[in-house]
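Peer 1: Below, each chain spelled out in residue letters.
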Amino acid sequence: MSDSQASLPIIDHPNRRRFLKTAGATLGLAAWAAAMKPLLDLTPEVNADEFLQKHYRELTPEQKSVVFKRLEEETKAEYNADVTISDPPPMENVLFGYALNLSVCIGCRKCAEACHIENNHDRASNNSYIRVFEMEMGGIDFEKGNATYDHPVPAPGKYYMPVQCQQCENAPCVTACPVEATWKEKDGIVVVDYNWCIGCRYCEAACPYHARRFNWEKPEIPAEEVNPVQSYLSNRIRPQGVMEKCTFCLHRTREGRLPACLEACPTGARVFGNLLDPDSEIRWIIENKRTFVLKEELGTRPRFYYYFDE
Amino acid sequence: MVEAQNPSRPAPQEASVALSYFGFLRRATGVATDGKWYFYVWMAVLSAIALVGVNAWAQQVRDGMIVTNMSDHVSWGLYIANFTFCVGLAAGGVMMVIPAYLYDDEEMHQVVIIGEAVAIAAILMSTLSVVVDLGRPDRFWHLIPGIGKFNWPLSMLTWDIIVLNGYLLINLHIVGYLLYMRYLGRKPNPKWYIPFVFISIFWAISIHTITAFLYCGLGGRPFWNTALLAPRFLASAFVSGPAFIILSMRVMRLLTDFHFSPKPANTLIRIIRVSMCVNLLMLFSEIFTLFYTGGSHASSAQYLFFGSHGANGLVPWMWTSMALNIVGAILFFTPAALRRENTRIVACLFCVVGIWIEKGMGLIIPGFIPSTLHEVVEYSPSLIEWKVTAGIWAFGLLVLTLILKLIASVFSYDSTREDSKQQQTVPGETKATSIPVETIS
Amino acid sequence: MKVSAGKMLYIVAFFTIFALSVQMYANIKTNEVTVIPPTSNAVTPFPVKINPPKGLPEIPTDLKDANGNPILVSCNSCHGVRSPNPKNGSMGPLVSFHQDLDFVHGKLVCISCHNPEGSYADFRLASGESVNPKDIIKLCAQCHGPQFRDYQHGSHGGMTGYWDLRKGSRQRNHCINCHDPHKPAFPLFRPVAGPNDRFTPHQVKETHE
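Chains as they are written, first to last, in the working numbering: chain A, 6 to 315; chain B, 1021 to 1461; chain C, 26 to 234.
Calculated from the structure, these hints are not laboratory results.
Please note: incorrect hints may appear among the correct ones.
[Stated by the list, open to error] Cross-link-like lysine to aspartate or glutamate pairs, in silico, EDC-like; alpha carbons within 16 Å at most:
1. Lys-42/A with Asp-1083/B
2. Lys-74/A with Glu-55/A
3. Lys-191/A with Glu-174/A
4. Lys-192/C with Asp-282/A
5. Lys-223/A with Glu-50/A
6. Lys-223/A with Glu-79/A
7. Lys-192/C with Glu-97/A
8. Lys-59/A with Asp-1158/B
9. Lys-300/A with Glu-148/A
10. Lys-294/A with Asp-314/A
11. Lys-74/C with Asp-160/C
12. Lys-1169/B with Glu-260/A
13. Lys-81/A with Glu-225/A
14. Lys-189/A with Glu-174/A
15. Lys-300/A with Asp-282/A
16. Lys-223/A with Asp-1083/B
17. Lys-208/C with Asp-127/C
18. Lys-223/A with Asp-46/A
19. Lys-1169/B with Glu-63/A
20. Lys-112/C with Asp-87/C
21. Lys-192/C with Glu-260/A
22. Lys-74/A with Asp-54/A
23. Lys-163/A with Glu-148/A
24. Lys-300/A with Asp-54/A
Just so we're clear, the structure is a prediction, and the values are computed from it rather than from any experiment.
For reference, chain A alone in the conformation it holds in the complex (with noise of 0.2 Å):
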């Protein structure tokens, strides 16, 4: 082997080459395995049903309740909490819309800690699906907004401005979803089917509104905090990894019942009704005051209404 130029005398026999391949391969499986180790500790957690699960809009009415129940006892083992998970469908003739009275909202937050009970969020991260900013009077510029504000409310000079989900008509998290994990229904809430979305969170980079929240981790909620009455698709305890956002707390309104972020306001700065009832409050604010949505000029036709009373 006079021309061989192999560089180490060790792995100039072509079978000492080939053993120390074979071995060095057997070494790289290994080491793989053992890198891959964290995932082990997530079999407790994985179930053959949850993984072939279909698409909400694909199950049959028993394959929902089969879904339903085995959820429900999850949520036993996991917060040892007994909920009940509903799926009541949309009201016929009934197409939600919200109002906020800007003249009135104190910017207390008692809406956006209402929705954080309601919803079961996270407790640590105080998650709510609202954020109520604190603006500067004269103007809606956000650029002078703040969200953390923590002194006596309100504050002269300024005016507060929750910003929830718009459930917008036009919903361009709605379009930028891969897998239709998030749509529109039929009386205008925007959806998401927890136990269909990746988390690819293209929804959350496409919406104007900074209305939709990540599962960073696992939500914690202490077993006595726990909402126990919860729905398929708005409040039940929502899994690692997957989007979120407000549903106009459906589990309540598609029962005829006020959400809860409206109950929860003291000075009845909110507006909530079917937008095809000419009767409704919700058509009178529109009718009668000058109401106005945010970034309009988007094209993405909101339901949510601001105004002012003078």
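Got chain A; can you put chains B and C on it based on the hints?
Peer 2: For chains B and C alone, kept in the frame of chain A given last:
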């Protein structure tokens, strides 16, 4: 005497097509894993880094994406930044294909395959970068049309999945076909690769255009919502891609037996000169439009270049990237760049790093700062994000090394079936280097 | 191999038609508007209940009755035997009673609302008409018309219950649940704790333009 051949390899005339392809794969694996000591060290180091990345990703899947530094304000970070850059790298290969096949540049013909190899590695890196960014990678099957739900043609992500996978398949086919034909000692049949080459020209441009459309279609993010985004992406891709290819060619020239003319590199440099100027011009156009008009549209650019609300984490990155790009461009314009010296290596490195920063930190992150409701939340990647990204790059370089090694062997007449019989050397070995060795008889 | 002009034209035409079809399809998918007729009010709705005012306050004296309960004094006990002071609009002249009463209600005086001709146990409108304590909303509404109009349309004052009165009832606050009639300005609130963001947003400094 050392047995140089694979003892179980049949003679060419007797093997069937299927067996010969299998034999090709076996041979390819053997050749691609044979080399000098520094080859083994390189591969071991890359494997180690890749495994560190795998472990970090496994931790991320278990603990949730809270181990990254992304938040509801900055919901895309290092992974998507890297994805964007790698798609650009993959698209850069087209700048070799066009001269070779549309303008019949004979010398370029010899080395186009290097560009396609870079494209394969880059596409793999970009796909991996997206997979590690998914909150629920176990639900990957939801994306498969027919089995899952594929929101095509509305969601730009679905277009991206189609074009990236298609480009990978096209390049795998072309590279695999040419190598296989070379291995068999046959002339490649144009019918089997020329149409794909022409498709790949349009397809390469489409992958980066569609990636740009992912961002520029979002009205809620005015920093991205500009028609200039796709052309900017292409211009910077046609700098970073060819620059990376020149670096690969230099490595091949130094470390392998693959000989090629210096003209293709010069063609690439001329292309880089033009592309870099176009890229800088477009950047300048963006900056002027944003800052001259002002208003809240400029707030992302304000944050990026000068800091805002007391936050200025990206300012040093951006100015460094500007400096790297401009100095790199100037270096490319010097006569020394057209000679086989180190000027072009420095220029290539400057441009690759400069464009990585510009596309990644300078484009993806500021799309989220300020947020859609004008809140400024800063972002810098966590250790796990760096580890995963390093692992992805290590994997890409692993794949690239293997393919380039195979190309070098095949095109250096070392691994073809007819020549193997006469060979005395172990396949894949290169000629004499400066390392003194003892010969073993 | 060069591509001929004819082939280029063909390719461009194909892509144009394809792009137009995609756009049409996208428009159809996103601009779906279903027209649904409005509801009819055939079903009798549930009531909207307004929290009733608790009635006139009765003030406890130091004296206790036979059962040990404090003896309560109603408005009339004192105001029935005193003549009203039409000019009294502040706490200054009150030296013997009502000294802990806070009174900030615009330019009103006591007998703007309290009926001096009646028994002080009722109120009066600006026209002099007597108003039963149960109907005090009329008293607020006579001046605060816009707020009352908004209140009637659900845009002022909290509510709980049902938006759909065919399914359930609704509870409304009374004006005086939130607005003390003597000092009606809505008090300052301490806000609930804000979002506990992992990375706190940077704030504009006050001097920033």
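Peer 1: With reference to the structure, classify each hint as holding or not holding.
Peer 2: Evaluation of the provided hints:
1. Restraint check for Lys-42/A and Asp-1083/B: the C-alpha separation of about 13 Å stays at or below 16 Å, so the hint holds.
2. About 12 Å separates the Cα atoms of Lys-74/A and Glu-55/A, which keeps this hinted pair within 16 Å; it holds.
3. A threshold of 16 Å between alpha carbons decides the hint, and for Lys-191/A with Glu-174/A the separation of about 11 Å falls inside it, so the pair holds.
4. With a CA separation close to 15 Å, the supplied pair Lys-192/C and Asp-282/A stays within the 16 Å bound.
5. For a cut-off of 16 Å, the pair hint linking Lys-223/A to Glu-50/A stands: about 12 Å separates their Cα positions.
6. Annotation: proposed proximity of Lys-223/A to Glu-79/A holds, straight-line Cα distance about 13 Å (limit 16 Å).
7. Between Lys-192/C and Glu-97/A, the direct Cα distance comes to roughly 14 Å. Compliance with the 16 Å bound is thereby established for this hinted pair.
8. In summary, the hint linking Lys-59/A to Asp-1158/B is supported, as the alpha carbons are separated by about 14 Å, within the 16 Å threshold.
9. For the proposed pair Lys-300/A and Glu-148/A, the alpha carbon gap of about 14 Å is at most 16 Å, so the pair holds.
10. Restraint check: the Cα-Cα separation between Lys-294/A and Asp-314/A comes to about 7 Å, which is no more than 16 Å; the hinted pair holds.
11. Distance restraint check for Lys-74/C and Asp-160/C: the Cα-Cα separation of roughly 14 Å lies within the 16 Å cut-off, and the hinted pair is therefore satisfied.
12. With a C-alpha separation of about 30 Å, the suggested pair Lys-1169/B and Glu-260/A falls outside the 16 Å cut-off, and the hint is violated.
13. For the hint linking Lys-81/A to Glu-225/A, the alpha-carbon distance of about 13 Å falls within 16 Å, and the restraint holds.
14. Distance restraint check for Lys-189/A and Glu-174/A: the Cα-Cα separation of roughly 8 Å lies within the 16 Å cut-off, and the hinted pair is therefore satisfied.
15. A threshold of 16 Å between alpha carbons decides the hint, and for Lys-300/A with Asp-282/A the separation of about 26 Å lies outside it, so the pair is violated.
16. At most 16 Å may separate the alpha-carbon atoms for a hinted pair to count; Lys-223/A and Asp-1083/B meet this at roughly 8 Å.
17. Proposed proximity of Lys-208/C and Asp-127/C is supported: the alpha carbons are some 6 Å apart, at most 16 Å.
18. Under the criterion of a C-alpha separation no larger than 16 Å, the hint pairing Lys-223/A with Asp-46/A is consistent with the structure, at around 14 Å.
19. Simply put, Lys-1169/B and Glu-63/A have alpha-carbon atoms about 10 Å apart, close enough for the 16 Å limit, and the pair holds.
20. A threshold of 16 Å between alpha carbons decides the hint, and for Lys-112/C with Asp-87/C the separation of about 30 Å lies outside it, so the pair is violated.
21. A hinted pair counts as satisfied when its Cα atoms are at most 16 Å apart, and Lys-192/C with Glu-260/A qualifies at roughly 8 Å.
22. With a C-alpha separation of about 12 Å, the suggested pairing of Lys-74/A with Asp-54/A holds against the 16 Å cut-off.
23. The suggested pairing of Lys-163/A with Glu-148/A holds, with an alpha-carbon distance near 14 Å, which does not exceed 16 Å.
24. Between Lys-300/A and Asp-54/A, the direct Cα distance comes to roughly 42 Å. Violation of the 16 Å bound is thereby established for this hinted pair.
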